[in-house]
Amino acid sequence: MKKDEIRIAILRIEGTNCEEESYNAFKILGTKPEYVHVNELSRGLKKLNDYQMIFIPGGFSGGDYVRAGAIFASRMKGTISMDLKKFIDDGKLVIGVCNGFQVLIELGFLPGINTDWSEKPQAALAPNISNRFECRWIYVKKEKNSCEFLKNIDDGKIIALPIAHAEGRFIFSKENEKKYLEHMIDNNQIALRYVDPNGNYEEYPWNPNGSLYNIAGICNENGNVFGLMPHPERAFSRYQHPGFYRNLYEEPGKKIFKGMVDYIVKKF
Amino acid sequence: MVKVKIIVSYKEGVEDPEGLAIKKSLNLLNFNNVKNVTVSKLYEINIEGDSSSVKKEAEEMCDKLLVNPVIHKYKIEVEKI
Amino acid sequence: MVKVKIIVSYKEGVEDPEGLAIKKSLNLLNFNNVKNVTVSKLYEINIEGDSSSVKKEAEEMCDKLLVNPVIHKYKIEVEKI
Amino acid sequence: MIEKIDERYNVYRIKIRSMEEQDLLRISDQLSLALNFEEMLRLRAYFRNLGRDPTDVELQAIGQAWSEHCCYKSSKFVLRKYITGIRAKQVILTGEDAAVVEFDKDHAYVFKMESHNHPSAVEPYGGAATGVGGIIRDVLCMGAKPIGLVDSIFFGNLNYPYDSLPKGVKHPNYIFNGVVSGIRDYGNRVGIPNVAGITYFDDRFITNVLVNAGCIGIAKKSNIIRSMVDRVGYNLVLVGGKTGRDGIHGVTFASKVFKTGENVEKTAVQLGNPIIKEPLIHAVLEAVDKKLIYGMKDLGGGGLSSVVGEMCLAGGVGAEVHLEKVPLKEKDMSPWEIWISESQERMMLAVSDENLNQLMEIFSLWDLEATVIGRTIKDEKLILYFHDLVVMDLDTHFITSGPVYCRPYVIKYPAQIKEDMIPPEPNYNRVFLNLLENPNIASKAYVIRQYDHEVKGNTVLKPLVGIIGKETHGDASVLKPLIDSYRGIALTSTSNPKLTSIDPYWGAMSIVDEAVRNLVSVNASPNSFADNLNFGNPENPKVMGDLYEVARGLSDAAKYLKIPYVSGNVSLYNETNGESIPPTPTLMGVGIVKDIRKTVSSDFKDHNDIIYVINETYQEMGGSIYYDLMNYRSTIVPKVDLEKLNKSYKTLLKAMDKRLIKSCHDISEGGIAISLAEMSIGGDLGLEVNVSEIGNIRSDFKLFSESNTRWVIEVSEKNERDFVKMFSNLNIYKIGKIKDNGEFKIYDGKRLLINQTVNNLRRHWTMFPVEESK
Ligand SMILES: Nc1ncnc2c1ncn2[C@@H]1O[C@H](COP(=O)(O)OP(=O)(O)O)[C@@H](O)[C@H]1O
Ligand SMILES: [Mg+2]
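Sequence lines, in order, name chains D, C, R and U. Each residue of the first sequence is one higher than the last, beginning at 0 in numbering that gives the first Met the number 0. Each residue of the second sequence is one higher than the last, beginning at 0 in numbering that gives the first Met the number 0. Each residue of the third sequence is one higher than the last, beginning at 0 in numbering that gives the first Met the number 0. Each residue of the fourth sequence is one higher than the last, beginning at 0 in numbering that gives the first Met the number 0.
The hints are simulated quantities; they were obtained by calculation from the structure and are not laboratory data. Take these hints with a grain of salt, some might be off.
As the list claims (entries may be wrong) - Dumping the calculated EDC-like pairs for lysine to aspartate or glutamate here, alpha-carbon to alpha-carbon at most 20 angstroms: (1) D:Lys173 / C:Glu14; (2) R:Lys2 / C:Glu56; (3) R:Lys34 / C:Glu76; (4) R:Lys40 / C:Glu43; (5) C:Lys2 / R:Asp15; (6) D:Lys119 / C:Asp62; (7) C:Lys23 / R:Glu47; (8) C:Lys23 / R:Asp15; (9) R:Lys34 / C:Asp49; (10) C:Lys34 / R:Glu59; (11) C:Lys34 / R:Glu43; (12) R:Lys40 / C:Glu76; (13) R:Lys22 / C:Glu78; (14) U:Lys411 / U:Asp394; (15) R:Lys2 / C:Glu17; (16) U:Lys597 / D:Glu250; (17) C:Lys23 / R:Glu43; (18) D:Lys45 / U:Glu360; (19) C:Lys34 / R:Glu76; (20) U:Lys604 / D:Glu249; (21) R:Lys40 / D:Glu174; (22) C:Lys4 / R:Glu58; (23) D:Lys177 / C:Glu47; (24) U:Lys241 / R:Glu76; (25) D:Lys31 / U:Asp483; (26) U:Lys166 / R:Asp62; (27) R:Lys34 / U:Asp366; (28) C:Lys10 / D:Glu174; (29) D:Lys119 / C:Glu76; (30) C:Lys4 / R:Asp15.
Owing to the predicted nature of the structure, the values given are computational and were not obtained by experimental measurement.
The shape of chain D in the complex, shown without the other chains (with noise of 0.2 angstroms):
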């Protein structure tokens, strides 16, 4: 498939507020991003197979009352999650960036373990430790993962990116806890973990928000619904990355959005 062909379709309802940056993310990188509000789904105005990927973007869906995520989960299992997984079980790509991530775990595409959709979450991201929103920089350190997508970054590599987030800390239930984290872990499910500059799992604030094994993002078994709390559209250009000023010439952001585009060129 062509990258001037690549329908990526940007999900929106009320509250959604980082569509704009990923859109002209996935417009730089030269394919066919478009905003789809929930609405337009459920009203039949537009149609999920049309696409080869949804992109669910950051923001306060719904004004993340409730639990962050739930509402704009909750919308998505009213009308749409049927299509949804078969658009996965096609091996279509579905992202979520932070209150897409909350999106996709209350809906229970992730982490999906043993399953490719499970019908009550089996995982949460529950309130930061510090009770509070933090945004700030933050180191994540490439894990070796299933993700096709992320192969444009090493394994063991060390990125920084900003997160922007109150409710981000990934925990399981206590009984489920250690069967489960061995479980991602033997499936090469986690895909991003919080360290510091030097690489060492630390904790607050280099984890900002004390998830369990500093995990910053994760994939399913399969590798195509992945999400993560960080922001990669903000970390997309070089003069987003708050080294600019100090000459260093990241672009974190922009590897990872890469990535997806041409996995989906040599796949489709």
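Once you've looked at the hints, dock chains C, R and U with the ligands against the given chain D.
Below, chains C, R and U with the ligands alone, put in the same frame as chain D:
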């Protein structure tokens, strides 16, 4: 019309940062004998109709929106109004 | 040890966006007979000591930290544990 | 005196024509009109002349329109004389909801700052949140996309003893957390980055917190929409939230002084609903892009009454409005309540018949309400219906012709020069660490990090700069608003109540100087200002005197520099039980960054680079944090030499354009010592500095003086000669070098004044109000 009260709280063992923060603030305010604080949400939902099926409906609301069973437990009470 | 339960809710007439958003979501989930949703906070505070002065202390906590009387009302219950 | 007009509806006629004088004030009180005796007399004369009595709807409409908040009756005179008259060629449009100023050939930036003090004092969370919401609407209704927020917030000290609080007053801690959460929750949810502000503590704000919120947006010039309609037969479309009893009498409430223990009208308090606002922004901007909107204005103070009246008046038309069509939160609202309700999240659009359907479709996709409630007419009248009943029929000119007062004022000349002398100390380590911990100097990361300052991905220079995990304060933030251009916008906010209360004139000049300094520090050329004038009770001649002096200071500085005040607001009556806030002007400063790739930050960059101070340091300790900390007094405040300011900032920009400057930080609260500390903290680099040359004054004054128009800069050895040449017409002082050994040493001659490690500085600087760093 019935009123459904749903209390959603964290399960035992799930850390509640808000509760911890409030405990700390209360201690700083010289309420030194405060030993533990938990914070839950109380949803009061007015539903038209009778109360027979309401409990089941409320459970469904928890399931579909109000609760993530990984971290939450809940309690439902139904009241005629 | 006593447990103090404090429920803090909005006064009549204060419009709460959270309640509105939840009502909308429930309606969209086909709970069409949901007419109204309010959200309150329930604080459960364990306090060392006896229960005699606890009620007054709880009121003071509300005053200093948990409540703004302009928009909130609250209810206190004390329970021996 | 009052009689129901029609059995079916809650509309009353007020028999004002036959009222005795003593009854006039009673009726003003009873209906919460907040009109004074002369104003009521004027009303009576008007209706006598008209030959009929007014309805309650009519009186309420006039009460709103004539309030201090809406018609600036105490301050108009001062504003006209000093503030609004400064012309500059970049200004496209002022006098509407927000100012429109040229950004580049095709684009304009649109901005405003506004106070939300009274509501925030009563309900910090909701008051601050709706302050943010309101200012966003002001920018949006010009047709601009909001891209940045600024918040300047003032509290009593967080360690204020509970026992000393006046009855019914919440502790600064409660108010602080409420205000910050309110701004956070609203701003983060609508997804507009909050990039600058002020967090200030002073016990004179114990009973009157200040919340000044600013917003900036970007628009194609061709998309700018006026806050008016000048065509007949256009639909008046009310969009967004429903109308309720909330916020009724908000503007008259903001025009009164507080008494503690007073029962506040609960209706004046709202929480705001960002989840209506967020889609409203999308829908409005889509409609703007498709050219579906002819005129637009947001509903703020005064509600429908103000918005319809002002839009029509400005366009020379009138309107017919059907109040029963307004979507309501509560069914049983009276017509007058509907007309003046200040419910949040609403906008008024003027739309032609032809475009109406397409507009409605856009709003429906976003699940937003949009309702045609009336139409413009040829006669310059406002005619209101409630079903079939006419409840108001008034001339637009009369409604909006509020009084203007030239209130008496006395100017307090700063008491004769008076300066206490602090006994010198052998070294200044202890004082220095105390200053770093001072709430007005310490890291504001606790606040800043709770605001999403990067959403939308355009924040090039963030409010916290430096090495990741070790960030320090920046001077101004830089946004890159257009995807295909490297041109940027820099934002800052300044205020200094300690200075303005000692000397309002020079204090005001100082905050202009600081705004310029901050913008220039990041390589932005100062382009325009918004001013917020927060004062006490204008009926007190001393307060009016302060207002005059502040305005005069702002005016003299800006006129010389040719930087106009293009928008702003005045908040008076910030007084409780006779205790007034200090005169507190705040500025929002906007600068243009020609090329964001040349942005300069405040954190030190490299070992062995050279540190310079630009311009002289004087013994001007009045209002300094050092004197405040030590509890000493001085009335000698920093002066501003406008010629020097103008020359220095232009030279600095030139040097930055040539990339001669690697880091830059202005010198403000806490003096040189604090600026150096912040630069070291962010770069995680030490220094060895000698301040002997910078002025002919005591060591501690050299360290902590807050003289204006100064910067600390870093140059590499390689560029030093070019830099020095460029500054040949100014005084610059080479004070030392950056060191990578983690030590922070400041000498005066042979005396070692400060001997610290960077890590220790960071530890003290980040202690407040919670430990941020590890
Ligand atoms: N309430 C606030 N909201 C957002 N940013 C803030 C707030 N308070 C302070 N800041 C930011 O913190 C930094 C330091 O503030 P301040 O100490 O007032 O600056 P300066 O060093 O120019 O005097 C600035 O970048 C400022 O914009
Ligand atoms: Mg500064």
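Outcome of the hint check:
At most 20 angstroms may separate the alpha-carbon atoms for a hinted pair to count; Lys173 of chain D and Glu14 of chain C meet this at roughly 11 angstroms. Taken as a hint, the Lys2 of chain R and Glu56 of chain C pair is broken in the structure, with Cα atoms around 31 angstroms apart against an allowance of 20 angstroms. Of the supplied pair hints, the one linking Lys34 of chain R and Glu76 of chain C holds, its CA atoms being roughly 17 angstroms apart against a limit of 20 angstroms. Pair hint Lys40 of chain R plus Glu43 of chain C holds up; C-alpha atoms about 11 angstroms apart against a cutoff of 20 angstroms.
The straight-line distance between the Cα atoms of Lys2 of chain C and Asp15 of chain R is roughly 18 angstroms, inside the 20 angstroms bound, and the hint therefore holds. With a C-alpha separation of about 8 angstroms, the suggested pair Lys119 of chain D and Asp62 of chain C falls inside the 20 angstroms cut-off, and the hint holds. For the hint linking Lys23 of chain C to Glu47 of chain R, the alpha-carbon distance of about 15 angstroms falls within 20 angstroms, and the restraint holds. Using a Cα cut-off of 20 angstroms, the hinted pair Lys23 of chain C and Asp15 of chain R is violated, with the two alpha carbons roughly 27 angstroms apart.
Restraint check for Lys34 of chain R and Asp49 of chain C: the C-alpha separation of about 13 angstroms stays at or below 20 angstroms, so the hint holds. The straight-line distance between the Cα atoms of Lys34 of chain C and Glu59 of chain R is roughly 17 angstroms, inside the 20 angstroms bound, and the hint therefore holds. Distance restraint check for Lys34 of chain C and Glu43 of chain R: the Cα-Cα separation of roughly 11 angstroms lies within the 20 angstroms cut-off, and the hinted pair is therefore satisfied. For the suggested pair Lys40 of chain R and Glu76 of chain C, the alpha carbons sit about 16 angstroms apart, so the restraint of at most 20 angstroms is met.
Of the pairs offered as hints, the one joining Lys22 of chain R and Glu78 of chain C holds, with about 19 angstroms between alpha carbons and a cut-off of 20 angstroms not exceeded. For the suggested pair Lys411 of chain U and Asp394 of chain U, the alpha carbons sit about 43 angstroms apart, so the restraint of at most 20 angstroms is broken. Among the hinted pairs, Lys2 of chain R with Glu17 of chain C is consistent with the structure: their alpha-carbon atoms are about 18 angstroms apart, no more than 20 angstroms. Restraint check for Lys597 of chain U and Glu250 of chain D: satisfied, since their Cα atoms lie roughly 18 angstroms apart, inside the 20 angstroms limit.
Proximity of Lys23 of chain C to Glu43 of chain R is assessed by CA-CA distance (about 14 angstroms); at most 20 angstroms being required, the pair is judged to hold. Distance check on the hinted pair: Lys45 of chain D and Glu360 of chain U sit about 16 angstroms apart at the alpha-carbon level, within 20 angstroms; holds. Taking the CA atoms of Lys34 of chain C and Glu76 of chain R, the gap is about 17 angstroms. The hint holds against a cut of 20 angstroms. For the given pair, Lys604 of chain U sits about 17 angstroms from Glu249 of chain D by alpha-carbon distance, which is consistent with the 20 angstroms threshold.
Restraint check: the Cα-Cα separation between Lys40 of chain R and Glu174 of chain D comes to about 28 angstroms, which exceeds 20 angstroms; the hinted pair is violated. A distance of roughly 24 angstroms separates the Cα atoms of Lys4 of chain C and Glu58 of chain R; the hinted pair therefore is violated under the 20 angstroms criterion. The hinted pair formed by Lys177 of chain D and Glu47 of chain C fails the criterion: a straight-line CA distance of about 44 angstroms is larger than 20 angstroms. At roughly 36 angstroms between alpha-carbon atoms, Lys241 of chain U and Glu76 of chain R are farther apart than 20 angstroms, so this suggested pair is violated.
Note on Lys31 of chain D and Asp483 of chain U: the hinted pairing holds, with a Cα-Cα distance of about 18 angstroms set against a maximum of 20 angstroms. At roughly 11 angstroms between alpha-carbon atoms, Lys166 of chain U and Asp62 of chain R fall within 20 angstroms of each other, so this suggested pair holds. For the suggested pair Lys34 of chain R and Asp366 of chain U, the alpha carbons sit about 18 angstroms apart, so the restraint of at most 20 angstroms is met. For the hint pairing Lys10 of chain C with Glu174 of chain D, the CA-to-CA distance comes to about 11 angstroms; that is within 20 angstroms, so the pair holds.
At roughly 23 angstroms between alpha-carbon atoms, Lys119 of chain D and Glu76 of chain C are farther apart than 20 angstroms, so this suggested pair is violated. The hinted pair formed by Lys4 of chain C and Asp15 of chain R meets the criterion: a straight-line CA distance of about 17 angstroms does not exceed 20 angstroms.
Of the hints listed earlier, those the structure fails to meet are numbers 2, 8, 14, 21, 22, 23, 24 and 29, in rising order.
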